[in-house]
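Asker: One line per chain: the protein sequences are A and B, in this order.
The first sequence begins at 1 in full-length UniProt numbering and counts up by one.
The second sequence begins at 1 in full-length UniProt numbering and counts up by one.
No wet-lab data here; the hints were simulated from the structure.
Every residue, glycine too, gets a C-beta built ideally from N, C-alpha and C.
In silico lysine-lysine, BS3-like type, Cα no more than 27 Å apart, as pairs:
#1 A:87 <-> A:112
#2 B:10 <-> B:80
#3 B:110 <-> A:395
#4 B:141 <-> A:395
#5 A:395 <-> B:80
#6 A:395 <-> B:52
One side only, chain A facing chain B, incomplete, derived with CB under 7 Å:
#7 383
#8 385
#9 386
#10 388
#11 390
#12 391
#13 393
#14 407
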Amino acid sequence: MNVAVAKTGNGRAVSDLFTSAEGRLPGSPSVIAARREAFETYERLGLPHRRIEEWKYTDLRALVGEVLPLAANPDAAALKRAADAVKAHAIAGARKLVLVDGVFAADLSDVKALAAEAGFRTSRETLEKDAGLLTTAPTDAVISLNAAMATDGVVLDIADGAQLSAPIQIIHIATAASASAFTRSQVAVGKGARATIIESFVAAGAKAYQVNDAVIVSIGDNADVAHIRLMDDAPDAVNITSQFVTVGANVKFNVFNMTTGAAVSRLQGFFTLAGEGSELSVNGVNLLQKTEHGDTTLVVDHAVPNCVSREVFRAVIDDRAHSVFQGRIIVRPDAQKTDGKMMIRALLLSDEAEADNKPELEIFADDVSCGHGATAGALDDSLLFYLKARGLPEKQAQALLIQAFVGEAIEQIADDDLREHVIGIAERWLERRQ
Amino acid sequence: MALLEVKDLKVRVEEREILHGLTLTVNEGEIHAIMGPNGSGKSTLSHVIAGKPGYEVTDGQILFMGEDLLEMAPEERAAKGVFLAFQYPVEIPGVTTMNFLRTALNAQRKARGETELMVPDFLKKVREVSKSLNIPQDMLKRGVNVGFSGGEKKRNEVLQMALFEPSLCILDEMDSGLDIDALRIAADGVNALHSPKRAMVVITHYQRLLNYIVPDFVHVMSKGRVVKSGAKDLALELEESGYAQYEDA
Ligand SMILES: Nc1ncnc2c1ncn2[C@@H]1O[C@H](COP(=O)(O)OP(=O)(O)OP(=O)(O)O)[C@@H](O)[C@H]1O
Ligand SMILES: [Mg+2]
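With the hints as constraints, model all of the structure from the sequences given.
Answerer: This is how it looks when you write it as structure tokens:
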């Protein structure tokens, strides 16, 4: 299928997206039927636009316009380029699971080492038999599209009590230009387990590609888990990711997201605190320049009493970029003693930079402590002057203050190597400003 | 050639003239004290020399080693050897003092075409200087000046001065907020830096500091001008008589 066809007339071209991909999508006839249904939902809704409340600030019809055709299976040359990208973006010591243009690449992955500590299958294998992976709550047009089109992903099963000796890094690599990759993964962490999961999104030379990813996470009681997502796509890419997270009792779950690429990105995270005594911390950094649009939309649902949730979010917005943060905290009638807070700070580096914050508290219990705060401002001139008076050129002085600004969110990453890796990505973003 | 020549300098802030034709010459190796009542323009002069934005120079000039200082960005001035120890050092949360010191020192060296200082050499130097200034190592791991006491902030300024080795040091009320022991330590630090090549301009309200840092010249500033200059005894006279006689000069 060529792009020209995808651009002509709305309804028919969209159908082509599915029919031309159908033969390559894994699944028994019943799975394919579920996909077809999901696709019909997507077709009925179309891409989200500004009149859909949740997408008010991120009008995909205006920003993206069309969904590009499914990327071809990576050939040998693509895998070669992907291998180089793996080297550049792998975190030392982590066990890698690599997806190239939405297809699992066993040769680039550490399946053997991983299998010793955790259950692993590809989503492709899982979907051949069972459509369960395709169901999520909530759902919307982009999630339905993902369910219809997902080619692959990873399914991780971390057993009760497992203490992973190394982090697991899922690396999504784009090698195909002007094409889409649809991935869907699942991570199930058992009771009392300890694990660190990292997801990296990078390009290996590809331009103007689109990523639509979905991750379904469940965390068993007493588990201690860190989940880090590093969205460092090509500057003209599109990345839409949906996370669905269910947290058990007495869990410590630390989530960190950083966006340093993509022309248009949206991370939507749906977190449900389903067991008492858990601590959920969701932190994020958006570093945006040029005309980039970065949206982080989080829903934290306190379904049970006695949980703590913390959201610390920092956006650095340069040029004519646009950052969106929407954070909703829901406290159900039973969820007494909930402690839920969110703090959003935006740093505007240019007069044309834009930040939209939409915090929402929906509180149905009476004995709770919830709150949110938001600030937006420029760099402090007196600090800049102090640094310049000590010999730092303007951009370097700015860089130091920007690093300090995002540091408060990055500091929440406990592991030293991982934190350094994240700081390295932020530093490269700063260098692109120079 | 003089190290610093301020000639008939007129400066406005927000449409109001603060310096009304100030002249001051500082040669290598000299120590100058500037005294004067609150609001006479001492900090304004130091800020204009350091290159702080917001000041409009309407007349006069400032030469540093014969070059037009006003044409240079603040960071160029720093790299060339101008250092201002601020009256009110700012706090920079999230930037550790150590990281700040290293970044600043290397930026200055780079601007001068010198190589970066190796980390071990840098650490050794910081350790030596901070020890002599009685600055505990763990303070260097904190954000720049964050949670520092007034005296600690001032000592941190002297620490930077010692590391960067500037040729012109302007100390704006280094003694304010320091207890007697801290004052002596900081003054010792300053004296240790004094050399035939390095000049100091010490802005103060108190003769006491000048017992430790002994000036070659004392200038009285009033209403945006230097109204009297003399030897160190002038400071003692001022302590006796106050500024009243200069107020309508
Ligand atoms: N940014 C500014 N806006 C308006 N007026 C200013 C500004 N900065 C300085 N001034 C004014 O300029 C004058 C000189 O101030 P400056 O701080 O230079 O005095 P100083 O001699 O250092 O006083 P002190 O001994 O109290 O430190 C004062 O009247 C002050 O109010
Ligand atoms: Mg002053």
